[in-house]
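*Asks:* Below, each chain spelled out in residue letters.
2 protein chains.
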Amino acid sequence: MFIPAYSHSGRHVRPNYNVLLLIILQFVPRTVEGVWPLPQTFTSSTERYPLNPQAFYFGYGSQSAVREGCSVLDAAFTRYFSLIFPANGILRFNQAGPFTVEVSVGHDDCEGYPGEDSSEKYSLSVSAGHASLKAETVWGALRGLETFSQLVYQDDSGSYFVNKTEIEDFPRFQFRGILLDTSRHYLPVQAILKTLDAMAYSKFNVFHWHIVDDPSFPYQSWTFPDLSSKGAFHPVTHIYTQSDVRRVISHARMRGIRVLPEFDSPGHTASWGKGQSNLLTPCYKGSTPTGTFGPVNPALPSTYHFMMKLFKEVSSVFPDSYIHLGGDEVNFSCWKSNPDVRAFMHKMGFGVDFTKLEAFYMESIVNITSALNKTSIVWQDVFDYHERRRFLSVVEVWKAGCYLCEVRKVAKAGLRIILAAPWYLDQPGPTHNWARYYTVWPLAFKGTEEQKKLVIGGEVCMWGEYVDATNLSPRLWPRASAAAERLWSDEKQTSSVEKASPRLMDFRCKLLRRGIQAEPLDVGHCQHEYQGI
Amino acid sequence: MFIPAYSHSGRHVRPNYNVLLLIILQFVPRTVEGVWPLPQTFTSSTERYPLNPQAFYFGYGSQSAVREGCSVLDAAFTRYFSLIFPANGILRFNQAGPFTVEVSVGHDDCEGYPGEDSSEKYSLSVSAGHASLKAETVWGALRGLETFSQLVYQDDSGSYFVNKTEIEDFPRFQFRGILLDTSRHYLPVQAILKTLDAMAYSKFNVFHWHIVDDPSFPYQSWTFPDLSSKGAFHPVTHIYTQSDVRRVISHARMRGIRVLPEFDSPGHTASWGKGQSNLLTPCYKGSTPTGTFGPVNPALPSTYHFMMKLFKEVSSVFPDSYIHLGGDEVNFSCWKSNPDVRAFMHKMGFGVDFTKLEAFYMESIVNITSALNKTSIVWQDVFDYHERRRFLSVVEVWKAGCYLCEVRKVAKAGLRIILAAPWYLDQPGPTHNWARYYTVWPLAFKGTEEQKKLVIGGEVCMWGEYVDATNLSPRLWPRASAAAERLWSDEKQTSSVEKASPRLMDFRCKLLRRGIQAEPLDVGHCQHEYQGI
Numbered sequence: 186m187f188i189p190a191y192s193h194s195g196r197h198v199r200p201n202y203n204v205l206l207l208i209i210l211q212f213v214p215r216t217v218e219g220v221w222p223l224p225q226t227f228t229s230s231t232e233r234y235p236l237n238p239q240a241f242y243f244g245y246g247s248q249s250a251v252r253e254g255c256s257v258l259d260a261a262f263t264r265y266f267s268l269i270f271p272a273n274g275i276l277r278f279n280q281a282g283p284f285t286v287e288v289s290v291g292h293d294d295c296e297g298y299p300g301e302d303s304s305e306k307y308s309l310s311v312s313a314g315h316a317s318l319k320a321e322t323v324w325g326a327l328r329g330l331e332t333f334s335q336l337v338y339q340d341d342s343g344s345y346f347v348n349k350t351e352i353e354d355f356p357r358f359q360f361r362g363i364l365l366d367t368s369r370h371y372l373p374v375q376a377i378l379k380t381l382d383a384m385a386y387s388k389f390n391v392f393h394w395h396i397v398d399d400p401s402f403p404y405q406s407w408t409f410p411d412l413s414s415k416g417a418f419h420p421v422t423h424i425y426t427q428s429d430v431r432r433v434i435s436h437a438r439m440r441g442i443r444v445l446p447e448f449d450s451p452g453h454t455a456s457w458g459k460g461q462s463n464l465l466t467p468c469y470k471g472s473t474p475t476g477t478f479g480p481v482n483p484a485l486p487s488t489y490h491f492m493m494k495l496f497k498e499v500s501s502v503f504p505d506s507y508i509h510l511g512g513d514e515v516n517f518s519c520w521k522s523n524p525d526v527r528a529f530m531h532k533m534g535f536g537v538d539f540t541k542l543e544a545f546y547m548e549s550i551v552n553i554t555s556a557l558n559k560t561s562i563v564w565q566d567v568f569d570y571h572e573r574r575r576f577l578s579v580v581e582v583w584k585a586g587c588y589l590c591e592v593r594k595v596a597k598a599g600l601r602i603i604l605a606a607p608w609y610l611d612q613p614g615p616t617h618n619w620a621r622y623y624t625v626w627p628l629a630f631k632g633t634e635e636q637k638k639l640v641i642g643g644e645v646c647m648w649g650e651y652v653d654a655t656n657l658s659p660r661l662w663p664r665a666s667a668a669a670e671r672l673w674s675d676e677k678q679t680s681s682v683e684k685a686s687p688r689l690m691d692f693r694c695k696l697l698r699r700g701i702q703a704e705p706l707d708v709g710h711c712q713h714e715y716q717g718i
Numbered sequence: 186m187f188i189p190a191y192s193h194s195g196r197h198v199r200p201n202y203n204v205l206l207l208i209i210l211q212f213v214p215r216t217v218e219g220v221w222p223l224p225q226t227f228t229s230s231t232e233r234y235p236l237n238p239q240a241f242y243f244g245y246g247s248q249s250a251v252r253e254g255c256s257v258l259d260a261a262f263t264r265y266f267s268l269i270f271p272a273n274g275i276l277r278f279n280q281a282g283p284f285t286v287e288v289s290v291g292h293d294d295c296e297g298y299p300g301e302d303s304s305e306k307y308s309l310s311v312s313a314g315h316a317s318l319k320a321e322t323v324w325g326a327l328r329g330l331e332t333f334s335q336l337v338y339q340d341d342s343g344s345y346f347v348n349k350t351e352i353e354d355f356p357r358f359q360f361r362g363i364l365l366d367t368s369r370h371y372l373p374v375q376a377i378l379k380t381l382d383a384m385a386y387s388k389f390n391v392f393h394w395h396i397v398d399d400p401s402f403p404y405q406s407w408t409f410p411d412l413s414s415k416g417a418f419h420p421v422t423h424i425y426t427q428s429d430v431r432r433v434i435s436h437a438r439m440r441g442i443r444v445l446p447e448f449d450s451p452g453h454t455a456s457w458g459k460g461q462s463n464l465l466t467p468c469y470k471g472s473t474p475t476g477t478f479g480p481v482n483p484a485l486p487s488t489y490h491f492m493m494k495l496f497k498e499v500s501s502v503f504p505d506s507y508i509h510l511g512g513d514e515v516n517f518s519c520w521k522s523n524p525d526v527r528a529f530m531h532k533m534g535f536g537v538d539f540t541k542l543e544a545f546y547m548e549s550i551v552n553i554t555s556a557l558n559k560t561s562i563v564w565q566d567v568f569d570y571h572e573r574r575r576f577l578s579v580v581e582v583w584k585a586g587c588y589l590c591e592v593r594k595v596a597k598a599g600l601r602i603i604l605a606a607p608w609y610l611d612q613p614g615p616t617h618n619w620a621r622y623y624t625v626w627p628l629a630f631k632g633t634e635e636q637k638k639l640v641i642g643g644e645v646c647m648w649g650e651y652v653d654a655t656n657l658s659p660r661l662w663p664r665a666s667a668a669a670e671r672l673w674s675d676e677k678q679t680s681s682v683e684k685a686s687p688r689l690m691d692f693r694c695k696l697l698r699r700g701i702q703a704e705p706l707d708v709g710h711c712q713h714e715y716q717g718i
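Note that the protein sequences, when read in sequence, are chains A and B.
For the first sequence, position 148 matches number 333 in the working numbering, and the numbering has no gaps at all.
For the second sequence, position 395 matches number 580 in the working numbering, and the numbering has no gaps at all.
Derived by calculation from the structure, the hints in this document are not laboratory data.
Take the hints with a grain of salt, since some may be wrong.
One copy or two, it doesn't matter: identical chains are merged, so the pair holds either way.
Computed cross-link-like contacts, DSBU-like style, restricted to lysine-lysine with a CA-CA straight-line distance of at most 30 angstroms [said to hold, decoys possible]:
{"hint": "1", "residue 1": "Lys594", "residue 2": "Lys584"}
{"hint": "2", "residue 1": "Lys415", "residue 2": "Lys695"}
{"hint": "3", "residue 1": "Lys597", "residue 2": "Lys584"}
{"hint": "4", "residue 1": "Lys459", "residue 2": "Lys695"}
{"hint": "5", "residue 1": "Lys459", "residue 2": "Lys684"}
{"hint": "6", "residue 1": "Lys677", "residue 2": "Lys584"}
{"hint": "7", "residue 1": "Lys379", "residue 2": "Lys695"}
{"hint": "8", "residue 1": "Lys415", "residue 2": "Lys684"}
{"hint": "9", "residue 1": "Lys637", "residue 2": "Lys459"}
Quick caveat, the model's predicted, so the values are computed rather than measured.
Assemble the whole structure, with the sequences as input and the hints as a guide.
*Replies:* Pasting the structure below:
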């Protein structure tokens, strides 16, 4: 809604009024200068340029390796135009001249996928009538477009402006993820897509899809259709079809987000057993099967045949070079009770050390996925309980307590690390203290420079026990954005909660304006409140 | 979506199939027999009757004092038809005969408002082709319609059924409220209306509108327009116009919900001062005003003139016979610092006992509203700190700790009580343990029968520090429903959390189906997940 500053009087002649206003506003500094997460270097001045949506253009630079027809950037231009000039925008009456955002990209990766080594570096220079955005890859260009969109603001009269700005930017960590759990509660595809939208606003770049677990198996496998037809909450309404999965991967790709699937085993697999007989370990009481089942049965060759086929499918469906194999929280009691498993232990010379059996199983699964050219990630349990660690590549640290002690141990072992422990956002608790997720120092452990480089990033985990589409967004946002800044920005420039606070509040209002149900951080208001009720 | 039970085969001839299915289902008992909150007496059998939406009618009984044209019930019939047969319903193919719900009401109160003494009693008898709903008032009939709507269910094929049932029902407590705080964050009218919808589903009957407070004054007063034009977060987008307020009151009335406005003073009034000069107490340091302001200034006659005019307006805008006057958390330091206040204390013979000043102020405000024929409610602070309590009517107990000790004290003093302390749902904490809000025993204090009758009910408080339209619904629902059952149902029949749990889970799924963003209680799924993303 447009509230003219001089609404008490209709006497002002429009052109004069505009000129007058422009002159006045030219010298009013912005109160909140918000880009979230904070760019690595950022210089701006109070000099500002009016933007006229009728004469605002995105274009490709003459030296750019990519041009019109680049799927990722063409779509991004359309998307960011709407984000910069929202349909619910208030009346604007400036007659500003044309403004062009010229994008130049070094490599033509328009039809590829973002990967672990993709550069996200960009530079952005905003001057009169023109912004120049340069990046090595289209993924870097996407990050720059996001930054540009956050630089644009409206004054009280509704006119759009952008200040003179110079930015050089790149992420501190290469891996910046969010885990969604679609097994404990089914999340409609729309809820995942909306999360991907919001992830891009905070420059997250990995969607860790914890797609199956004990309660349900919603992934519709073409190799083993019974897994979802019998293991999902409902075989039709509560599954992800191949087409759903492609839609998620495509939506993510367009935003420079990798999709990392997790098929957690040998524990957390109760739902797998419904559609695949002889996969789980039958538990025994004495010499009698109880009718209940434990983890995947590591003693049967058929288990590895099944896993080979399943992971072959999964590897072809999900293009990312990483795959998450889980491996957490394996309860040994059922294995111990089963005579066939015990016989297998004996045959293999494992004695009564079930961690050896687990290691054997995990190593086999890692080998299966290595043969499929995938880099595997495992939860820290697999690292913690095994002496042979050479088969491991990336370890995800999730346990509370001294998580940096664990990070240090994994780094000493020469393995790469993803840090999730401090960012379990599904946890109930004092939910509003976002600072707790902000004041995390992932490299504050004793170690060499080389060891610190092994920390490739971090991840926000949104487990599904108490989370579904009804509360996912307010529980994630804007608290996940606090983690996002920690993972993207320079630590020295972002160590103060006090300094970050007004920027995060401003960013949260931007999220609301973009339709993201981001919960409030404190008493107050946004110019545009959440309207999706 | 319709999933035929025998989808593997297309050979079944439809009519035979239907008959077969009906015969089979006739003998399958319902697994979850859910009415929430639990009716006082409830008898049902496995005998069940198919409902055909094409031949389903609401009508008035021949002995009913109200007929077609009754605004409250005519609208309720339309509303409940859609709730019973949702547009997102799955295919149904039964050819059942007509079914009529016949409503008979003793008093014609169709155009009135629900009040503190309104009967909500009803009886409901469901038999073949017919349900008979009898109530003393239209408000009781609304409660019965809600119950009936919850009795209807769909089988897996999508057919609608209702079981043979006899219900006699009435609320345990007369006052069952929800407080929303529209000052710390502005709640769009749509969010309030949606909350009223959901309140009716849990049989809440009071919307306590904590409409103004320190941070903002969104109520647009016609007598003092500056209060919102200067005291709201925004004078146009963040206010409640008279028309908004009428819309809320009307929406509430149609659902048998009273609207109880709170204009809290003398503390919690910082926003009032922006639009009304000389209302708040200027704070001093020594003999110099600091430029800051404290509570309402009780020493000036102009204060009482202002309050008289404001409450005259408020009393005419809000039809309910109750008004909430606040009176909580008054900080005396500013009063103490102010020489005029001190002089007034001296003149009135209060010495240095500022509780006497506060009592004087509150008694004046109570007298003002009494003269306007309103029953006033105050927060427990007003009761706690004053020896003269005869001017009080209803005390709302809100402080944590031994709240039943407080209830007992207030009851001993012969005053009526509303219990809010155990139901502060805005509080962060272990958010999922709804049982904490269920296992509350409001009458478990030592007292006579007469004293226990003074507990007129309870209230869920949703304060606004960290709550706005982005997270209001999942924070309220279904946890508030746990409180609702405590306030409506018989305590002996609802003392078990284990027994209540499946019914509450079922009820939560009903809320989702009705578009209420009610968060999950545990791992699992609903047939119809929340779609409003």
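*Asks:* Taking the hints in turn, state whether each one holds.
*Replies:* Now the hints, each set against the structure:
no. : hint              : in the structure
1   : Lys594 <-> Lys584 : within (13 angstroms within a copy, 48 angstroms between copies)
2   : Lys415 <-> Lys695 : between (42 angstroms within a copy, 25 angstroms between copies)
3   : Lys597 <-> Lys584 : within (18 angstroms within a copy, 52 angstroms between copies)
4   : Lys459 <-> Lys695 : between (45 angstroms within a copy, 28 angstroms between copies)
5   : Lys459 <-> Lys684 : between (52 angstroms within a copy, 28 angstroms between copies)
6   : Lys677 <-> Lys584 : within (26 angstroms within a copy, 43 angstroms between copies)
7   : Lys379 <-> Lys695 : both (15 angstroms within a copy, 24 angstroms between copies)
8   : Lys415 <-> Lys684 : between (52 angstroms within a copy, 29 angstroms between copies)
9   : Lys637 <-> Lys459 : neither (43 angstroms within a copy, 54 angstroms between copies)
Checked against the numbered hints given earlier, this structure breaks only hint 9.
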